[in-house]
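> As given, the protein sequences belong to chains A and B, one line each in that order.
Residues 1 to 485, numbered by the UniProt record's numbering, are exactly what the first sequence covers, in order.
Residues 1 to 307, numbered by the UniProt record's numbering, are exactly what the second sequence covers, in order.
Think of the hints as simulated: they come from the structure by calculation, not from any bench.
Hints may contain errors.
Stated by the list, open to error - Which residues of chain B face chain A? A partial, calculated answer using Cβ under 7 angstroms:
hint: 1; residue: K33
hint: 2; residue: A34
hint: 3; residue: K35
hint: 4; residue: N59
hint: 5; residue: L62
hint: 6; residue: P63
hint: 7; residue: R64
hint: 8; residue: W66
hint: 9; residue: A67
hint: 10; residue: F70
hint: 11; residue: G151
hint: 12; residue: S152
hint: 13; residue: A157
hint: 14; residue: R222
To be verified - Chain A side only, calculated, beta carbon under 7 angstroms to chain B, not exhaustive:
hint: 15; residue: V15
hint: 16; residue: I16
hint: 17; residue: I23
hint: 18; residue: E329
hint: 19; residue: D374
hint: 20; residue: P439
Glycine residues also receive a C-beta, built at the ideal position from the N, C-alpha and C atoms.
Chain residues, written in single-letter form:
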Amino acid sequence: MSNHSPIGKPIPIDVIEESLYEIRRKIYPRSVSGLFARWRLILVFATQLLFYGLPWISWNDRQAVLFDLIQRKFYIFGLVLWPQDVIYLTLLLILSALALFLFTAIAGRLFCGYACPQTVYTEIFMWIERKVEGDRFARIRLDGEEWPWGIHKWRLKITKHFLWLLIAFWTGFTFIGYFTPIETLGAAILHLSLGPWQTFWLCFYSFATWGNAGFMREQVCKYMCPYARFQSVMVDKDTFLVTYDKVRGEPRGSRNKSADHTTLGLGDCVDCSICVQVCPTGIDIRDGLQYMCIGCGACIDACDQVMEKVDYPKGLIRYTTERAIEEKETNQSAIRHILRPRVLIYIAFITVLTSAFLISLVTRNPLRVDVMRDRGALAREVDGVRIENIYRIQIMNASENNMNVQLKASGLSDLRILNSQGELVTEIAVGPASNLLIPVKLSTTVGAHEPGNYPIHFDVIGKEVSGSELIIRTRDEKSSFIIPR
Amino acid sequence: MSDFFNSGWSNYIALVSLVGIVWCIWLLASQRKAKVIHTADGAVADTGHVWDGDLRELNNPLPRWWAWMFLLSCIFALAYLVLFPGLGSFPGVAGYTTDGALMSSMTEANDELKPVYAKYVKMDIEEVAADPKAREMGQRLFLNSCAQCHGSDAGGAKGFPNLTDGDWLYGGSPENIKTTLINGRNGVMPAYGHLETAQIVDLANYVRSLSGLPADDAKVARGAELFKSNCVACHGVDGKGNIAMGAPNLTDKTWLYGGSEATVVETLTKGRIAMMPSQDKVLSPEKIHLLTAYVWGLSNNKTAAAK
Chain A
1 MSNHSPIGKP IPIDVIEESL YEIRRKIYPR SVSGLFARWR LILVFATQLL FYGLPWISWN
61 DRQAVLFDLI QRKFYIFGLV LWPQDVIYLT LLLILSALAL FLFTAIAGRL FCGYACPQTV
121 YTEIFMWIER KVEGDRFARI RLDGEEWPWG IHKWRLKITK HFLWLLIAFW TGFTFIGYFT
181 PIETLGAAIL HLSLGPWQTF WLCFYSFATW GNAGFMREQV CKYMCPYARF QSVMVDKDTF
241 LVTYDKVRGE PRGSRNKSAD HTTLGLGDCV DCSICVQVCP TGIDIRDGLQ YMCIGCGACI
301 DACDQVMEKV DYPKGLIRYT TERAIEEKET NQSAIRHILR PRVLIYIAFI TVLTSAFLIS
361 LVTRNPLRVD VMRDRGALAR EVDGVRIENI YRIQIMNASE NNMNVQLKAS GLSDLRILNS
421 QGELVTEIAV GPASNLLIPV KLSTTVGAHE PGNYPIHFDV IGKEVSGSEL IIRTRDEKSS
481 FIIPR
Chain B
1 MSDFFNSGWS NYIALVSLVG IVWCIWLLAS QRKAKVIHTA DGAVADTGHV WDGDLRELNN
61 PLPRWWAWMF LLSCIFALAY LVLFPGLGSF PGVAGYTTDG ALMSSMTEAN DELKPVYAKY
121 VKMDIEEVAA DPKAREMGQR LFLNSCAQCH GSDAGGAKGF PNLTDGDWLY GGSPENIKTT
181 LINGRNGVMP AYGHLETAQI VDLANYVRSL SGLPADDAKV ARGAELFKSN CVACHGVDGK
241 GNIAMGAPNL TDKTWLYGGS EATVVETLTK GRIAMMPSQD KVLSPEKIHL LTAYVWGLSN
301 NKTAAAK
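Work the whole structure out from these sequences, hints included.
If you want it as structure tokens, here you go:
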């Protein structure tokens, strides 16, 4: 796709049938150094340090970050999330989506180029590939006909795949380590005593890492990733994007360094094609904005180096906006367009949702109570003295401390709470991060109230003992009491 | 399902599914190649399709593996429809049914739980009832399978026996409770509608007097005669009931449907039919064992504790 499309209606010379499907051409990206390459390296380290490191941190005698699917409890440092807290996950997903919108509106596919796992692992795998097989031309030569399969080629390929698989396996292992305590998982691997599902997922994620970062690479971004498809509606004229300055660069062409290119009628682009060689998705940025562009900035670094060599000002390919190119603005004045309504709306949404998220997280009540009235047995008379209604009370202690829970009922006179053994319910001990279901009988005196349906309240007071501190948690649950005719 | 739909609908759905898949395969085959216009400067231009005056379609070929995946998906879909139910009312050749899947996963789950129950299955009901862990498990089973009728606290309701008192229609020994759970029970009190209303009131008074409830002496005397000719077959001469038949003891203070005169009259006039469903097909033998212990413990743990 190295040909630029001519503007205006094409002059047809020939109509040829071309295949709509083609065999993938392998891309050999050339290594690149510079500002953006450095940023990518920093982000590779930062994201991997976070990903590989988190499962090894412990907290309260357990893994700090653990998504225990069997117990249905998500541990995130001091926070224990129960299935009832799914709203936080929803909020987190909405916030992530909004952040993606915001970044895209401001600076295009920042996420894709720097933080997306697909890019990050491809980057790591390409680094290994470069260390083992050499840079672009060495790799093209190695894979070409010049190098028949021999000891040398086998050695390089085996070394590369061994290292790739090692990283892929460690990635799969780490990923499973978020769902199974990683230390027991490690021990299970060493003793070859993994369960069937753990083995399956370990192999699955290792294989997926190896396949995606080693072979699929840019094809994931081009053909599978939905974000690539809708990014075009998320960018506008004021979005900073990796852009080739067509006004300055065209017409392109090679020239003698000493010659004055303006007299030759040439633009600043020397047509060295290094920007194409470094591109991990194999596109030509000079064709304009394309959906395959992941905004990694490799071409910027490469072009700047060439510009430096030929003594032209840098920035023929740069992060800039469509408006800035058209109106020949400087980046400083383009930055002034950043705060436009859509960006402000995204920021407002993110601020409101983040505050709501944090406030509700901080004020979260770890004592939860659910009162269910029995439907089969509406009411019964006991010994002709008292009227009984039956309830199931579910008490959940989502904190990591012991809790003593008091149960009281109000709404009718002389309400008494008895357990199913007929004893008065006073205080119930609920262990840390556990729940309890108890059937209780609530009774009032016969004849004290007219027949009918009365709203009542269960007042639940939980005393949480956190170290030497006593925290009082309260809940008020509504229910109803039926007095039969 | 055939009660709601006629076979035309399932044929229609099958047709839509098959035509859809065939159309996908045809589309893939017919679109292998695109006509592309090449321009004078040698550049690949476009397909010649123009929308909105300036929107032109280029040929950006997809990788070949994509086409293969697409074709394989179509083949998978066809194979799936042959093997599994999905094509209208065709049941598939693999013999899969959701009912069968449920049954096998239930058997599987029960087998998986066997080691958990293994310890208790070997123990006597009395021992199991004394085990706190078994009681906890029993309570969960009870809340799932029994609380709908007997209440979460097992205290019963009108027509559903209280399981926490010491009074048992069919006997309260562990064996009796287990038999009740496995086979279920059918309690039938026949209707005495052929008796005159006054006679029924007399009978009701006599029955109430048996448990020491206030009753009219004249009516009780007449009722006693009626009782001898109508009720002794089941409830016995002394009205103490018969555990073998599930005939209730009429001399205690426990009333399944209520002991007021009006309620007893209603019971006599219309009769009562009570049904305890069999749990044999619903719960595994291990679960029934645990449940028996829980239910037995409801009244016996308390009396044991009181002693």
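> Take the shortest C-beta to C-beta distance between P63 (chain B) and chain A; is it under 7 angstroms?
5 angstroms, holds
> How about P439 (chain A): closest beta carbon in chain B under 7 angstroms, or not?
3 angstroms, holds
> Should the interface hint for R64 (chain B) be scored as holding, given a Cβ-Cβ cut-off of 7 angstroms against chain A?
Result: holds, 5 angstroms to nearest chain A Cβ.
> Hold the hint about S152 (chain B) up to the distance rule: shortest CB distance to chain A must be less than 7 angstroms.
3 angstroms, holds
> Given R222 (chain B) was flagged as interface, is its beta-carbon under 7 angstroms from a beta-carbon of chain A?
27 angstroms, violated
> Would the stated hint for I23 (chain A) survive a check requiring a Cβ distance to chain B of less than 7 angstroms?
5 angstroms, holds
> With a cut-off of 7 angstroms, does the beta carbon of L62 (chain B) approach a beta carbon of chain A closely enough for the hint to hold?
L62 (chain B) check passes; min Cβ-Cβ to chain A is 5 angstroms, inside 7 angstroms.
> Double-check W66 (chain B) for me: the hint is only fine if its C-beta lies closer than 7 angstroms to a C-beta in chain A.
Holds: closest Cβ of chain A sits about 6 angstroms from W66 (chain B), inside 7 angstroms.
> May I ask you to test the interface hint for F70 (chain B) with respect to chain A, counting a Cβ-Cβ separation under 7 angstroms as satisfied?
9 angstroms, violated
> Is the hint on E329 (chain A) kept, meaning its closest Cβ partner in chain B is under 7 angstroms away?
Not OK, violated: E329 (chain A) not within 7 angstroms of chain B, min 25 angstroms.
> Do the numbers back the hint for N59 (chain B), that is, is its least Cβ distance to chain A under 7 angstroms?
6 angstroms, holds
> Quick check on A34 (chain B) please, does its C-beta sit within 7 angstroms of some C-beta on chain A?
Hint holds; A34 (chain B) Cβ to chain A Cβ min 5 angstroms, cut 7 angstroms.
Violation of the numbered hints given earlier is confined to hints 10, 14, 18; the remaining hints are satisfied by the structure.
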